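A.B. asks: Take a look at the letters that make up each chain.
Number of protein chains: 4
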Amino acid sequence: MIAIIRQGVNEKQIDSLITWLESQNLSVHLSKGEFTTILGLVGDTSKIDIELLENLEIVEKVKRISEPFKSANRKFHPNDSIIDVSGVKIGGDNFALIAGPCSVESEAQIIDIAKRVKASGASLLRGGAFKPRTSPYDFQGLQADGLELLKLAKRETGMPIVSEIMNTNHLELFEDVDLIQVGARNMQNFELLKELGKINKPILLKRGLANTMKEWLMSAEYIMAGGNENIILCERGIRTFETYTRNTLDLSAVPMLKELSHLPIIVDPSHASGISRLVKPMALASTACGAHGLMIEVHNDPKNALCDGAQSLTPAEFDDVAKSVEKIREVTAL
Amino acid sequence: MIAIIRQGVNEKQIDSLITWLESQNLSVHLSKGEFTTILGLVGDTSKIDIELLENLEIVEKVKRISEPFKSANRKFHPNDSIIDVSGVKIGGDNFALIAGPCSVESEAQIIDIAKRVKASGASLLRGGAFKPRTSPYDFQGLQADGLELLKLAKRETGMPIVSEIMNTNHLELFEDVDLIQVGARNMQNFELLKELGKINKPILLKRGLANTMKEWLMSAEYIMAGGNENIILCERGIRTFETYTRNTLDLSAVPMLKELSHLPIIVDPSHASGISRLVKPMALASTACGAHGLMIEVHNDPKNALCDGAQSLTPAEFDDVAKSVEKIREVTAL
Amino acid sequence: MIAIIRQGVNEKQIDSLITWLESQNLSVHLSKGEFTTILGLVGDTSKIDIELLENLEIVEKVKRISEPFKSANRKFHPNDSIIDVSGVKIGGDNFALIAGPCSVESEAQIIDIAKRVKASGASLLRGGAFKPRTSPYDFQGLQADGLELLKLAKRETGMPIVSEIMNTNHLELFEDVDLIQVGARNMQNFELLKELGKINKPILLKRGLANTMKEWLMSAEYIMAGGNENIILCERGIRTFETYTRNTLDLSAVPMLKELSHLPIIVDPSHASGISRLVKPMALASTACGAHGLMIEVHNDPKNALCDGAQSLTPAEFDDVAKSVEKIREVTAL
Amino acid sequence: MIAIIRQGVNEKQIDSLITWLESQNLSVHLSKGEFTTILGLVGDTSKIDIELLENLEIVEKVKRISEPFKSANRKFHPNDSIIDVSGVKIGGDNFALIAGPCSVESEAQIIDIAKRVKASGASLLRGGAFKPRTSPYDFQGLQADGLELLKLAKRETGMPIVSEIMNTNHLELFEDVDLIQVGARNMQNFELLKELGKINKPILLKRGLANTMKEWLMSAEYIMAGGNENIILCERGIRTFETYTRNTLDLSAVPMLKELSHLPIIVDPSHASGISRLVKPMALASTACGAHGLMIEVHNDPKNALCDGAQSLTPAEFDDVAKSVEKIREVTAL
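Residue numbers (numbering that gives the first Met the number 0), protein chains in the order written: chain R, 0 to 333; chain Z, 0 to 333; chain W, 0 to 333; chain F, 0 to 333.
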């Protein structure tokens, strides 16, 4: 950590700051320039509140040099984490296709889709039961009933299931859900993250709509600090000024995060653009740049879907995507 | 609502769409151009799921013409809403200064600050008890104890109190809090919003870090749809590419929202920049463009504050800001 | 084009607006709702100034339905444009690798790099002579001398050359440059675009730092409106709030633009992140989602490069990327 | 400047880097931590190319501590610059109202507007002759004829005139223009900036659509490095995700820039929102937070304006704004 001292501060003030910093178990190196004096702080700065320091009158700016995340940091855990979701491995060399409808709508719907995406190579079934919708007047999901239908589909097909949680009060309902999703809007719902840190179930942590990779890893750190290290990151597009696509899929995040962290990273190409025609090219691109998996919306009748039909593939389209993804995997695995 | 039909669609398909739309209680007007066919949908479209429509194969794009918010919309409620916070009115011609520390730290601290900001003209006391922090290693607030200290300060000074809620489970703890704040990171925590719609207490709804005014008003709509119409909006800066300031305070939102909605709108100039030197100029600017109030961080010892000290004013600085704000008010009220 | 009429406007005013619109050769369809009255304008609206209309007192908002670009629009030119750059074809099924240094530095450097990238499969040689740098104190390029060295390399290797123009006054100097690049910062330098519309040479139009796809296509339209239809688009990353990468590469723009326009679209994975380690994964991703080519920075001695060395590949690294790209091409071409 | 050394680099490599840095006239301070080694570089780093350094294999990251701008930096020029525009002073305690139409349209129009805005207190007349329009099909301004009409209005009223330049070739035409405007889209047209550095006329430098304050000051630095120090900055809104307003006016930039730089800063509240109803509140806010002036669009017949009528005030509305601004000035000057 670097603290830049304000111009015109006298030696005595600097000495007193150094003494205080050393009392925080940091060792301090002083660099004096003509216009700038800098303190280099060495030691465990991850637990220092940067604003506390910045707010001292004699300090102009503080810059963190080491990353503020520790458990999620590849520097301290050089090997890839491999997350086991009820037998399906994600991370390292393990690639997983997660597929299913935006919303669970009926027993027939979810079982039909589950069978078809499994046949095409999906290893996990997704389905929304609790739906975060911008408008209170939009369909909010089948809720607890939706989770029951998902479990039926799991019994029928043997596929582990993935669904989004929106409230710590619902945790009990999610006991048989194999991978609990934290949606983009809840990425910084710290109360929820803390609760998820206390359980021992894999968490799929989606990137917030306008969150940096650093904030995203800090949210993973919230869960990990509680003791649950089973985290899979999911890139799903960020908010920019562009309007043709709903969000801008940030694929550079895939190789960047693989460098910064040991956690697996998958991509959701369906939500990012909101346009089903873009799902295939973006699924191939995600695979080509090294994602550990894909989460794709599939609906047996997209034009009558109760939610986000515009971005859903039909099972036949998903089959085509899955085959092409497999071919890209063969090339990049070489 | 406008539905633009894809090129090459035949008359029969369009007729069948029109029939379906009419069955949804909408009347439909057809415009045929050389390159584009458009359907104008008239009626109550606020409860139509826009994605449901967009996802029909023959539809290219759907554009909403009327705003999707109703209860918060000035069109349907032309008069300013005035919110009564335990006797302090906000909205219309009523202006309120809310002041206090980022975090409640001790009885002595909160009572001292409360007395001093009251003397300078603040009518509501703010103080954080539950703190949303990016890092799990940063100070998380005194929590329930912090709320107790706030209530002590209320008894001592008679000022109504404002504090942030982060979890529906804490609602009981907030029974004596006069104005419940929903923070930026929870603006789209829809589960929380729904619960707040069931109570009858004023809500201070901060704008999300990267949320549009429309989404913000939709979040107000979530609370109002539940029956609680006592909402005050609070602009606190949005995320942009700029790095000198922590966020970009969007003051145009003040006159824009006053046009779109009847709800009062206040400004938090402390969080937006994260720099205490910018609080005064931005407080004056907020007042000049018509805000119904200000929320300002004040700490008796900013350089030893446990949280966000860098953006806090001293009580003396706050007194100076309050006096200048009052002068601007005199001018703009003419 | 849709014009939404303000509430409370009387029939006479609407009639007079309709009469005026019809005099502009548009036919008008009227939709009257309880809360909203809408005019649908049909005909050639591409030459209507949208702000002119929006500014009438009785009009609340105007929404364009058809795209404002015509020459660049796939609707009116369904077949892929194939651009011929001195014998190298780009667009349709033709894929091109463009490689070379950020800045031309010396005869030995440019000729060495040219030979090596050609051997690895590059078909065009890039090299900066005029360099747009944020700071006036940074290296500004060898300018006219740089162009001369590029031409030497062209004579030596037979590769057509690409270089960036920054000033209409330099047009003469670019006479032997085969593909003239317009950089991100000049994407809306309309005076430059107009001049390039008058020549008959292929133009590589980079996307502006914070420009939408629509604005980008409008800039292409500026050149095409002047008569020069030889345009290749180049995605190079957009500005967002993320800080780990310099820019956010918007790969969804590739399939989206292929739908909107007939012009070829290539990707520059070097500038987007500013990190050489990300060039390979992003090059593969760009290829997988359908780009018509790649522009990659290669330097024989990146650590002593005068400009942007941090994002340059060595010739050996480029060779590896080129081979992997070729394999992805084989898979996606199936 | 701080260079962070990559993990695992050996002492010899670090020594050789230090030797090289010292040969660049920098003195180097070494800080060794358990996980991080940092070099503090002291001396004149403003002319060091940051990418050159970052690109060395052993370097992980480079952070600039001092600002890269020198001539525009308040640290080196503590007193406010006051720019004299043909007798009208801007900067320090001098406040100026600049008013006039988006486009000059006719002699009658410009003279009428000039007289009326002068009567209301404007001290400079603005008028667009060369107009940067997103679409090649939109009105491009009267060009040279427009400048002639502006000069007529200047002769008639004695007001100095302001107009936008888009091309270095037009410099001669601007000889009698008192304040030359560089528009947002040309803020990083470095060729234009260099030419403007060679003349001795005041320059009004608008902020780019998506440019940081640092880049903006670097563009000022381009002009100043050439010898022309007569620069006035103009905030005009930045691009964000918000859609109700065309751009987001960044008023925090006003006090922030006054701290960073000695150059005067004015605000254009008309372009930022694109909505005339927001001009008054934002003009008052700009004044309240310390702007040195305002640039406001005024048109005698906004609904028939050839350009940007939607954001223009009538002369009567401008008179009202000018009076209110004056009252705010009286309060803030105390």
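Any given hint could be a false lead.
Note that identical chains are pooled: a pair holds if it fits in a single copy or bridges any two copies.
Cut-off 27 angstroms, straight-line C-alpha distance, at most; resulting in silico cross-link-like pairs (BS3-like, lysine-lysine) [as the list claims (entries may be wrong)]:
#, residue 1, residue 2
1, Lys-257, Lys-60
2, Lys-69, Lys-114
3, Lys-200, Lys-69
4, Lys-60, Lys-88
5, Lys-31, Lys-11
6, Lys-31, Lys-60
7, Lys-31, Lys-62
8, Lys-150, Lys-88
9, Lys-74, Lys-11
10, Lys-11, Lys-150
11, Lys-117, Lys-74
The set of hints was computed from the structure by calculation and includes no laboratory data.
These numbers were taken from a predicted model, which means no experiment stands behind them.
A.B. asks: Please go over all the hints and tell whether each is borne out by the structure.
C.D. replies: Against the structure, the hints come out as follows:
1. For a Cα distance limit of 27 angstroms, the shortest separation of Lys-257 from Lys-60 across copies, 18 angstroms, qualifies, whereas the shortest one inside one copy, 30 angstroms, does not.
2. In this assembly of identical chains, the alpha carbons of Lys-69 and Lys-114 never lie at most 27 angstroms apart, being 41 angstroms within a copy and 42 angstroms across copies at closest.
3. Within a single copy, Lys-200 and Lys-69 get their C-alpha atoms as close as 21 angstroms, which meets the 27 angstroms cut-off; across copies the closest is 41 angstroms, which misses it.
4. Taking the closest pair of Cα atoms, Lys-60 and Lys-88 never come within 27 angstroms of each other, the shortest separation being 44 angstroms inside a single copy and 34 angstroms across copies.
5. Both within a single protomer and between protomers do Lys-31 and Lys-11 lie at most 27 angstroms apart by alpha-carbon distance, with minima of 14 angstroms and 25 angstroms respectively.
6. Taking identical chains as interchangeable, the C-alpha atoms of Lys-31 and Lys-60 lie at most 27 angstroms apart whether they share a chain (15 angstroms) or sit on different chains (21 angstroms).
7. Proximity of Lys-31 to Lys-62 under the C-alpha cut-off of 27 angstroms is found in both arrangements, the shortest distances being 17 angstroms within a copy and 16 angstroms between copies.
8. Taking CA atoms no more than 27 angstroms apart as the test, Lys-150 paired with Lys-88 passes inside one copy only; the shortest distance there is 20 angstroms, against 51 angstroms between copies.
9. For the homomeric pair Lys-74 and Lys-11, the shortest alpha-carbon distance between copies (23 angstroms) is at most 27 angstroms, but the shortest distance inside one copy (37 angstroms) is not.
10. Within a single copy, Lys-11 and Lys-150 get their C-alpha atoms no closer than 68 angstroms, and across copies no closer than 42 angstroms, so neither meets the 27 angstroms cut-off.
11. For a Cα distance limit of 27 angstroms, the shortest separation of Lys-117 from Lys-74 qualifies neither inside one copy, at 37 angstroms, nor across copies, at 38 angstroms.
Figure legend: structure checked against the earlier numbered hints; hints not met, in rising order: 2, 4, 10, 11.
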